[in-house]
Amino acid sequence: MTDALGHGTTGTAGFGRTARSGGVDVTPQDDSAQPGLDVGVPTPAPRDVPRSVVFRHLVQVQGRIVGLYWVIVVVAFALIGAAYAFFSRNVELSVWDWATQSPKYFLLAMGTILTAAYLPVFVAHGVTRRTFALMATVWVLLVTVSAGVIMALGYLVEGFVYDAAGWPQALTSPHLYDSAGESVLIFTEFALLTLGHMVTGWLIGTGYYRWGWWWGTAFMVPALLPAVVVELALSTSWIGELIETVFDYSPPPLGFGVMISLCGAAAGLVATFTLVRTTPLRSKV
Amino acid sequence: MSLGVEMRERDDVRVGLSVETRNLTVRFGATAAINDLTISLEPGKIHGLLGRNGSGKSTLAATFAAFRAPTSGSVRVGGHDPYEHARTASQICLIREGGDIYDQQSVTCALALSRSMRPYWDEKYAKYLIRRFQLPLGKKAQRLSRGQRSALGVTLGLASRAPLTIFDESYLGMDAPSREIFYEELLPDYVAHPRTIIVSTHLIGEVASLFEEVLVIDRGRLVVQGDADDLRTRGVEVVGPAATVDRFVSGLTVLAERRLGATTSATVYGRLNRERERDAAAAGLSLGPVGLQDLFIHLTSPDDPAIGDPAAALPPDGASR
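Sequence order for the protein chains is W and S. Numbering-wise, numbering that gives the first Met the number 0 puts 181 at position 182 of the first sequence, and it's gapless, one number per residue. Numbering-wise, numbering that gives the first Met the number 0 puts 16 at position 17 of the second sequence, and it's gapless, one number per residue.
Each hint should be verified, as a subset may be incorrect.
What the hints assert, rightly or not - Partial selection, computed: residues in chain S whose CB lies under 7 angstroms from chain W: (1) Arg86; (2) Ala88; (3) Asp99; (4) Pro118; (5) Ile129.
Stated by the list, open to error - Ranges between beta-carbon positions, derived for each pair: (6) S/Glu83 / W/Val73: 36 to 42 angstroms; (7) W/Ala266 / S/Gly225: 38 to 44 angstroms; (8) S/Ser73 / W/Trp214: 26 to 32 angstroms; (9) S/Glu83 / W/Val144: 41 to 47 angstroms; (10) S/Thr70 / W/Val73: 49 to 55 angstroms; (11) S/Gly78 / W/Pro221: 35 to 41 angstroms.
Said to hold, decoys possible - If we take Cβ atoms under 10 angstroms as the criterion, some of the chain W residues that face chain S in the derived model are: (12) Ala75; (13) His174; (14) Leu280.
None of these hints come from the bench; they were simulated from the model. Yeah, the Cβ is synthetic: ideal placement off N, Cα and C, and Gly gets one too.
Based on the sequences and whatever the hints tell you, model everything.
As structure tokens, this is what we get:
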């Protein structure tokens, strides 16, 4: 094909292509095994990307990391417990009680990567931010509820071992519960603590992804609120002990504290949802 | 009749999504990456989105694909605002260089992700492309070379068969043989599965022959849009004695001028009618075509005074400025 001024329009740079889309002179390559050239086959109707697919992928990509963390925690504290039993003359303290600190910080870290690591991939695969945010919220709830269940189960399993050996299972940290057998309170404490921290992590990570280093760092102050609210409302562990001692703070009654915690986490989720819905994907460098 | 039109007339296959913008502006702080852009891209064609580095191509592609929302104005893909419109978003595939995939996951996992999310995904074709590009299935994305990563992105884009597929400089990291595979695959696959394809690039020489429509932007504003063949006829190089050339091009839109001794070569934007062609021949001037790439270079040259306002740079068809 030539244009009105007589210069060729087919094939460039010596590639010898005989095709150009505006003409009919299309010559596929020699490979006769090429699939997919089934012209005229009706195509499926457009559909949304199913939410279940989004959730499944979130579970696959972050579930492995979270699962590995719990395996490490369980194995590590089982070994610590074994060493404690082997070397100590008087076993009387709950070893699992020492495992109560790291989950909330680990899940805070997991929250920070939710937007930066997964939002671009999902949006690039045709998923809306709304669907991502909804499914990530479900994932956060699943992970934090699981944390509460695992912590309660840990105490129960340790209780069986201690009972069989005739050891007391004394708790050293301040909690909502007084004994390792109060599974509902154990679940409540850790589900809420991890929820507040993971939501805070997600909010912090979204702030950094959206605004970059300086404004993202400034945004950390309000982003910490869900975790701070839950910590103040429940007032457990070393943080609660510190606040109560230094500020002469009295935590609210349990039921009210749970309500405040849930409201704090919900407000954090709403804020995250709102931010994610309007966050542009970063340019690739 | 172009192949794209023929395909659009078929009712048993999908033919791609149209793209329209109205007064589209995208700002990054005080900088307007896209500035009051109004364009319309027909469905079922291969469009070339051309512009220099930093001209706004990637921002425009990102806006088409709902990677970011406009600051003002509107975008319509298939008649819908693609931003947070689930049905539309699932039909758009924007491949940036290297693709948006998990660095920690293998090529196999990247294919599985696309398979599960892309409604028109062709698994056989994806595997075929993986073989053609010789991509290692078990290797993590972060360990792929730049070229392999680009090839993976191109594979995901082609096999997605998305009604609006956009390649944003997707193949820059690939070596020449791999780029040739991309060009070889793009056209037959487009013919077999007509859809709207936008190829954004500043390297025009290799891909110019693929385009049916061309859109040139510079500094976020439209410089020229039109049928690729038509654009190829809009540039004329006039060569001859300096004084004669100067007289001949007087009143025409001169995009560039080079002098070598007593000889001048002037690139003129616009078509010359037969009378002007006869005048040139009579004056001893030679007329030659200007390739798409050369035309692009001239149209987006920072030395061109018209580029001070790209949207107003060119008269419709070679008239005097």
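Here is how each hint holds up against the structure:
1. Arg86: 5 angstroms, holds
2. Ala88: 5 angstroms, holds
3. Asp99: 3 angstroms, holds
4. Pro118: It holds, given that the least Cβ distance between S/Pro118 and chain W is near 5 angstroms, below 7 angstroms.
5. Ile129: 12 angstroms, violated
6. S/Glu83 / W/Val73: 36 to 42 angstroms: 41 angstroms, holds
7. W/Ala266 / S/Gly225: 38 to 44 angstroms: Once the Cβ atoms are compared, 53 angstroms apart, the range 38 to 44 angstroms for S/Gly225 and W/Ala266 is violated.
8. S/Ser73 / W/Trp214: 26 to 32 angstroms: This hint holds: roughly 28 angstroms between Cβ atoms.
9. S/Glu83 / W/Val144: 41 to 47 angstroms: 28 angstroms, violated
10. S/Thr70 / W/Val73: 49 to 55 angstroms: The hinted range 49 to 55 angstroms holds for S/Thr70 and W/Val73, with Cβ atoms some 50 angstroms apart.
11. S/Gly78 / W/Pro221: 35 to 41 angstroms: The hint (35 to 41 angstroms, Cβ to Cβ) holds, given that S/Gly78 and W/Pro221 are roughly 39 angstroms apart.
12. Ala75: 24 angstroms, violated
13. His174: 36 angstroms, violated
14. Leu280: Hint on W/Leu280: holds, closest Cβ of chain S at ~4 angstroms, below 10 angstroms.
Hint compliance for this structure: hints 5, 7, 9, 12, 13 are broken, all remaining hints hold.
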